[in-house]
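Spelled out from the first residue to the last, the chains are:
Number of protein chains: 2
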Amino acid sequence: MALNDVLDRIDTELDAATERLMDLLRIQSISTDPAFKADCDKAADWLVADLNAIGITAEKRETPGHPMVVGHVGEENADAPHVLFYGHYDVQPVDPLELWNRPPFEPQLEETPNGTVIRGRGASDDKGQLMTFVEACRAWKAVNGSLPCRITFFFEGEEESGSPSLIPFMEANAEELKADLALICDTSMVSRGVPSISSQLRGMLKDEFTIVGPRIDLHSGHYGGPGLNPLRTLSEIVASFYDNETGRVAVDGFYEGVHEVPEDQLRQWQNCGFDEAGYLNSVGYSQPHGEKAYSTLEQQWARPTLEVNGLWGGYNGAGSKTVIPSEAHCKITCRLVGDMDPDALRSKIRKHVEDRLPADASVRWNNDLEGSPAAVMNIARPEFEAARTALSDEWQREAVFCGMGGSIPIAGFFSSILGMDAMLIGFANDDDAIHSPNEKYDLKSFHKGIRSWARVLDALSRK
Amino acid sequence: MALNDVLDRIDTELDAATERLMDLLRIQSISTDPAFKADCDKAADWLVADLNAIGITAEKRETPGHPMVVGHVGEENADAPHVLFYGHYDVQPVDPLELWNRPPFEPQLEETPNGTVIRGRGASDDKGQLMTFVEACRAWKAVNGSLPCRITFFFEGEEESGSPSLIPFMEANAEELKADLALICDTSMVSRGVPSISSQLRGMLKDEFTIVGPRIDLHSGHYGGPGLNPLRTLSEIVASFYDNETGRVAVDGFYEGVHEVPEDQLRQWQNCGFDEAGYLNSVGYSQPHGEKAYSTLEQQWARPTLEVNGLWGGYNGAGSKTVIPSEAHCKITCRLVGDMDPDALRSKIRKHVEDRLPADASVRWNNDLEGSPAAVMNIARPEFEAARTALSDEWQREAVFCGMGGSIPIAGFFSSILGMDAMLIGFANDDDAIHSPNEKYDLKSFHKGIRSWARVLDALSRK
Numbered sequence: 001m002a003l004n005d006v007l008d009r010i011d012t013e014l015d016a017a018t019e020r021l022m023d024l025l026r027i028q029s030i031s032t033d034p035a036f037k038a039d040c041d042k043a044a045d046w047l048v049a050d051l052n053a054i055g056i057t058a059e060k061r062e063t064p065g066h067p068m069v070v071g072h073v074g075e076e077n078a079d080a081p082h083v084l085f086y087g088h089y090d091v092q093p094v095d096p097l098e099l100w101n102r103p104p105f106e107p108q109l110e111e112t113p114n115g116t117v118i119r120g121r122g123a124s125d126d127k128g129q130l131m132t133f134v135e136a137c138r139a140w141k142a143v144n145g146s147l148p149c150r151i152t153f154f155f156e157g158e159e160e161s162g163s164p165s166l167i168p169f170m171e172a173n174a175e176e177l178k179a180d181l182a183l184i185c186d187t188s189m190v191s192r193g194v195p196s197i198s199s200q201l202r203g204m205l206k207d208e209f210t211i212v213g214p215r216i217d218l219h220s221g222h223y224g225g226p227g228l229n230p231l232r233t234l235s236e237i238v239a240s241f242y243d244n245e246t247g248r249v250a251v252d253g254f255y256e257g258v259h260e261v262p263e264d265q266l267r268q269w270q271n272c273g274f275d276e277a278g279y280l281n282s283v284g285y286s287q288p289h290g291e292k293a294y295s296t297l298e299q300q301w302a303r304p305t306l307e308v309n310g311l312w313g314g315y316n317g318a319g320s321k322t323v324i325p326s327e328a329h330c331k332i333t334c335r336l337v338g339d340m341d342p343d344a345l346r347s348k349i350r351k352h353v354e355d356r357l358p359a360d361a362s363v364r365w366n367n368d369l370e371g372s373p374a375a376v377m378n379i380a381r382p383e384f385e386a387a388r389t390a391l392s393d394e395w396q397r398e399a400v401f402c403g404m405g406g407s408i409p410i411a412g413f414f415s416s417i418l419g420m421d422a423m424l425i426g427f428a429n430d431d432d433a434i435h436s437p438n439e440k441y442d443l444k445s446f447h448k449g450i451r452s453w454a455r456v457l458d459a460l461s462r463k
Numbered sequence: 001m002a003l004n005d006v007l008d009r010i011d012t013e014l015d016a017a018t019e020r021l022m023d024l025l026r027i028q029s030i031s032t033d034p035a036f037k038a039d040c041d042k043a044a045d046w047l048v049a050d051l052n053a054i055g056i057t058a059e060k061r062e063t064p065g066h067p068m069v070v071g072h073v074g075e076e077n078a079d080a081p082h083v084l085f086y087g088h089y090d091v092q093p094v095d096p097l098e099l100w101n102r103p104p105f106e107p108q109l110e111e112t113p114n115g116t117v118i119r120g121r122g123a124s125d126d127k128g129q130l131m132t133f134v135e136a137c138r139a140w141k142a143v144n145g146s147l148p149c150r151i152t153f154f155f156e157g158e159e160e161s162g163s164p165s166l167i168p169f170m171e172a173n174a175e176e177l178k179a180d181l182a183l184i185c186d187t188s189m190v191s192r193g194v195p196s197i198s199s200q201l202r203g204m205l206k207d208e209f210t211i212v213g214p215r216i217d218l219h220s221g222h223y224g225g226p227g228l229n230p231l232r233t234l235s236e237i238v239a240s241f242y243d244n245e246t247g248r249v250a251v252d253g254f255y256e257g258v259h260e261v262p263e264d265q266l267r268q269w270q271n272c273g274f275d276e277a278g279y280l281n282s283v284g285y286s287q288p289h290g291e292k293a294y295s296t297l298e299q300q301w302a303r304p305t306l307e308v309n310g311l312w313g314g315y316n317g318a319g320s321k322t323v324i325p326s327e328a329h330c331k332i333t334c335r336l337v338g339d340m341d342p343d344a345l346r347s348k349i350r351k352h353v354e355d356r357l358p359a360d361a362s363v364r365w366n367n368d369l370e371g372s373p374a375a376v377m378n379i380a381r382p383e384f385e386a387a388r389t390a391l392s393d394e395w396q397r398e399a400v401f402c403g404m405g406g407s408i409p410i411a412g413f414f415s416s417i418l419g420m421d422a423m424l425i426g427f428a429n430d431d432d433a434i435h436s437p438n439e440k441y442d443l444k445s446f447h448k449g450i451r452s453w454a455r456v457l458d459a460l461s462r463k
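As you go down the protein sequences, you meet chains A and B in turn.
Under UniProt numbering, think of the first position of the first sequence as 1, with each following residue one higher.
Under UniProt numbering, think of the first position of the second sequence as 1, with each following residue one higher.
You can take every hint at face value.
Where chains are identical, the list cannot tell them apart; a pair therefore holds if satisfied intra-copy or between any two copies.
Cut-off 30 Å, straight-line C-alpha distance, at most; resulting in silico cross-link-like pairs (BS3-like, lysine-lysine):
1. Lys292 x Lys351
2. Lys351 x Lys321
3. Lys448 x Lys60
4. Lys448 x Lys178
5. Lys448 x Lys141
6. Lys348 x Lys321
7. Lys37 x Lys321
8. Lys292 x Lys321
Worth flagging that the hints you see were computed from the coordinates, not collected in a lab.
The shape of chain A in the complex, shown without the other chains (with noise of 0.2 Å):
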């Protein structure tokens, strides 16, 4: 059986295609830094090479930014199936470099308790990941000499820093890059060894404001007691986000749009093997700290949050200095699920905010940041269950379709821009440092991720 020798040849191959990733992981290609443009430029060369290698056509395509990578394989194979399946080359920095075990930039297989893993930057976001599904198709080509699908190949190189190409880039290049569902190789598993499709994503609503207080910074000598503090004001309404009785966030409507997760789906979540202590200790946690009334995974995957990730104001550096600022700023993200509607959201926050100002203080708001609702896939598409069924057999442990705490804005893009469904797919694991030091990809991910697109082409291909 064709299927078979493909497996085979994946499993012969392994470590030639290991090292193909090597290779691959040697070439600085961080986005963000324009120091390292010509790296994120041979990122993209050494892909058109590797996909001509295995006899694909590819081109490198340019765009205001770092390019794209454009291949097509199968196109006289009218009646397959056609997918595109998407990755980014490009990498995350690579400070703080001083708490690196090795080079980052110097890949190298280690032995570790959890097995052995590719260490270095990029291995598993994205990298890895992208080339488990090009080493499929090369191991497919080579046994059979084509491809069961029709495949369209999308490679970006600024994923790591906002993708300001990529939507222009989709919209001038739309009719080439239509297919019938878009592949994603960008997720985790929900734990080590579940194979795991995402099911939703979050959405996200980014807000910023400022309190101002007094005209100018003042001398808590002169104005402590009579002074009103915006430092003291920001907690206040900080902390009037929450109801702390039962963990949900306070702010009037907030709820609006949020859906309980079906019966269903919640049982299937309860068995998918997640290791909720595991997830809550690695990170200093006894216990979950959301909504009361649901489960980790819950809070997690299917509940909206509203988080302040930054807060600053008045002195802050060595000693003490007596001043009552004149003004105290607060950075949040809210995570969205199901309808919630990210400008009906804001609103809803800016006037909660509002509602509170005492006497005498202000608030200024920033007016430059989006928000994006959130993603809920379309699993009823046969796709999704063939292709469910293809990784429970390459990983001989159910699939499951896992919700996702995250927001990958591309799934979203593909729809609105391409009016094509997304599915999601990925190998890595929770402890794989992504955008961290010592970024590793388990080997296991890498072999048994080949496998599995090799099982999930197949499957597509006869449904």
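Place chain B on chain A using the hints.
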């Protein structure tokens, strides 16, 4: 009469006195910045030379920091009262320089709606105030050949940088510095034209703490919901410091040692000419914001505070970062009154914070910050009433014993190290912009300040 001749000479010599002050103001004696070390030295030399020119024995005395200036006059007159006069020749830094209307160390007379002012860094704090006393001595000496009191001059050059050498120097030179009473000219008048003797100064307690939540900074896509956010915890704790119904501090036992202001003193304060509306409006307040049961003046002079001077944590750069930070930081100071014990209060505040920590949060305290109790002047001493009469005569307005919201530790050191009471008389106005751009000293403050000290010295010699 000798005093009248002295006052006349002060009037005719005002231009010369102003020129001398300008000379001193041209010296850039910024004590916090090592780049100006030679300038501090130069200011000390200038003062030694000026005292010598009057006929006063004086010398520069080295310290590990900037030098002291110590002078003596009238030692042969063992029967005369012996006063010590304290002032400081160092000044605050000048930044932001672009907000000055002229170079800060090129002083000049300027006409303003409130009369002629001497504009320049240090004009009020404290070179101008210091020179009111020196010029009074000069006039006395010129007219009468001697001074009516025995006087020790004691000038330091580190007041604006925390006076690190002061206590060791006072301890090492206690015998030399001891006098009957310390005079300090570093305070303001309660309102324009109302001569003021400070009868009480608030004390100070400084503290700083860090709320620690998760072990590391977290991504709100992974932990937003179940994650404990120390910025929220800190905000809730700061909010809990206050009772908004009454405006009081809500820390258990906070008001222990606080006494009500005696009726007669309160009546005096009510009639001291304090411009409450102007004081509040000038910084953007329409009303006082402290304890509702007390007047603005009482809130400022006679009531304790717990003030947040700095708050910071998380991300404060451009745009947004979806971080749940590991730590949140807070700097506080308390102004103390009456018999409040700084050490006991520190324990109460720390207990308040620790009692409110949720599970999985901890607190780390900075143990390097000190405290000092409030100081109540010994206004029962006859010198105080004598000085009050002298000031009333000069300003043709009854002088008042006023409170002061600030803390001047030197007054306490005279008491604790040298066993001396201190009397604080100053001629600054609230709009002098000390520590700020465009510092000035009213020419009227300078002129009548000199005349005031001439009268006070006369009155002390007769008491």
